[in-house]
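One line per chain: the protein sequences are A and B, in this order.
For the first sequence, numbering that gives the first Met the number 0 assigns the number 0 to the initial residue and increments by one for each residue that follows.
For the second sequence, numbering that gives the first Met the number 0 assigns the number 0 to the initial residue and increments by one for each residue that follows.
These are computed hints drawn from the structure, not numbers from a lab.
Remember, it's a predicted structure, so these values are computed and weren't measured experimentally.
Once the Cα atoms are required to be at most 30 Å apart in a straight line, the calculated BS3-like pairs of lysine-lysine come out as:
| hint | chain 1 | residue 1 | chain 2 | residue 2 |
| --- | --- | --- | --- | --- |
| 1 | A | LYS90 | B | LYS131 |
| 2 | B | LYS139 | A | LYS85 |
| 3 | B | LYS139 | A | LYS86 |
| 4 | B | LYS139 | B | LYS20 |
| 5 | B | LYS131 | A | LYS131 |
Number of protein chains: 2
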Amino acid sequence: MPQHDEFDRIVRLQATLQRQKIDGLLVSQPDNRRYLSGYTAPDHGIQESSGFLLIPAEGRPYLLTDSRFTLQAEAEAFHFKIELYKKGLLKLLEQLASRMGLHTLGFESDYFLHSTFLRLTHMAEKEGLALKPQSGLVEKMRLIKSEKELNLLRKSTRLNEKVFQSVYNTIEPGMTEREIALAIDLTMREMGAEGPSFDTIVAFGTNAARPHAVPTDRELQAGDLVLIDMGLIYQGYCSDMTRTFVAGKPDQTYLDRHRLVRRAQLAAINAIQAGVTGFAVDKAARQVLIDGGYGDYFGHGLGHGVGIAVHEEPRLSPSSRKQLRAGMVVTVEPGIYLPDWGGIRLENMVVVGEEGCETLNHDTTFLDL
Amino acid sequence: MPQHDEFDRIVRLQATLQRQKIDGLLVSQPDNRRYLSGYTAPDHGIQESSGFLLIPAEGRPYLLTDSRFTLQAEAEAFHFKIELYKKGLLKLLEQLASRMGLHTLGFESDYFLHSTFLRLTHMAEKEGLALKPQSGLVEKMRLIKSEKELNLLRKSTRLNEKVFQSVYNTIEPGMTEREIALAIDLTMREMGAEGPSFDTIVAFGTNAARPHAVPTDRELQAGDLVLIDMGLIYQGYCSDMTRTFVAGKPDQTYLDRHRLVRRAQLAAINAIQAGVTGFAVDKAARQVLIDGGYGDYFGHGLGHGVGIAVHEEPRLSPSSRKQLRAGMVVTVEPGIYLPDWGGIRLENMVVVGEEGCETLNHDTTFLDL
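With the sequences and hints as input, model every part of the structure.
Dropping the structure here:
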């Protein structure tokens, strides 16, 4: 009964809506939409939505979409009543609000266009409907992963490791960053992923000094440092992993720096468990880098949540004061970046447990040098 | 002097702002941002923007972004003053509005999140700034293409044709829709495109009866009808083309239907010139299909504008009453869709002229059977 997850989520969301006296919630954010309904059609930007959910505080939820998506919606979101908007979303919403007797309507303020809001306001005034902008209602539910979700995240990570290993075996001097990135994207799809979960990063030498490097036509030379940051989407769930290595034999400087970053990563992983703050985990890794003399070369946060979205809550960073809870999934990705030399980042994903955590990555070939 | 386009656009936009008494316009829509500045960094959804433009009614325009994009912004948007937001967009906007002495601020209502609007409203009240939601200001400028833009659209279309031909030569029974779609995406990049301009459609047989089919693992069999709808981005400009053919020898039914769709396409192309409405062009094609007995099997509009975005104004459809103007670029894509048989769609791009139009596609191999 693999689809019961979505049903349970609707029931939990409806309990929240009842508590907050929201008669119906309009869900526009695509990750939230997929999480609640199982409907996988992606948006092409916020201006080309493939549908909206309308979740009443009780009773059967609705999926509002257009005729292009009818078949997919019916097949995937089978708990939902499918309604097609022929004359636009607002017209259909007006009809449904009236039919369902809604007095208050919530909408997702963080993923709702101002121009749509203006039209919604106009309609609401006409219908005597009170609008209640919401923020984070569904995102909060997504923080804690179910056992089914954890299994998909495990599989996504394993597949990501396999793709890495497969492409790694083909890397040789003369290949460009773009060629390797393209091979990774291609291999992901060949091996059964929906696609990459973010723009694949492949950076040689000094290019790796930029945490968000974009692949270039630079050719690999023997002795170059290589940083690869890659992730894929497997049955809706994202993976995210970074490995750094040397094409050929690493020198002592590289080895020292790599081992320092790995020690920082392990320090953080050892610190992770329910009740610890994102700040404390970040600090555990950061302190190792500071003590090693590289504190000034680690300019980003230590990690972020991963699930249906590749970047979601919680954050592990100097400003994240919230406590981790069991069932959260986060990346642990310390790095050091030296503009004239290059960068080393090592990234794993872990599941927060009541005691300790579970590392989703299994291949340690490029971690323990 | 290839970069002068952007400078001219700023000057024209500033004239509009002065007329409309808008002291500054905040540009958030990524295509508009690229059009005005030359800055190519893409957004990863509206929640992960790579920057905003702030165009004052006179004087030098600003590009607001974060430190990840400094180098790219400086290199590409060299007419702009680059400002980094370290404490968020709103804080920086507040400083700039005060420094520049803005009393009214326009923003793009069609690409502006409600939650950001709430924070902007808060800031504006504090600063005594009047907010003026705008719709279509820059989009209207983008309707008419410059000679430089037309050349890029010509090149984009030619490259798209080359990619099609290259992949077509490799198609053989046993290949899946997904494999062909993947080969197209890969070949685009290998041949110098930035990537596909939309999700490539490859559909065999009855799958082609859905206008927005998503590639599946269905294997090609000799005699199958094949519909390919593909487009790429070349130096920022999109192409969009559909071809339908049969793997092997087409039967008489196929030939009759294909020729009917081609006649509908040519009727529309012959009707296109400045002053004609989108409705009239759609009707020219639609009437051919109606007369041929297939009027009920053409369920979508005839075409759409193409430029920096693959779907933009104007539309050619039964509801588009606006007149075409010289320099607009539109697709002409009639189709017929029969659920138990398949679909045929033929799509070219044309430039509207004062008299007649110019077809950007040159390869007619799969058009005139």
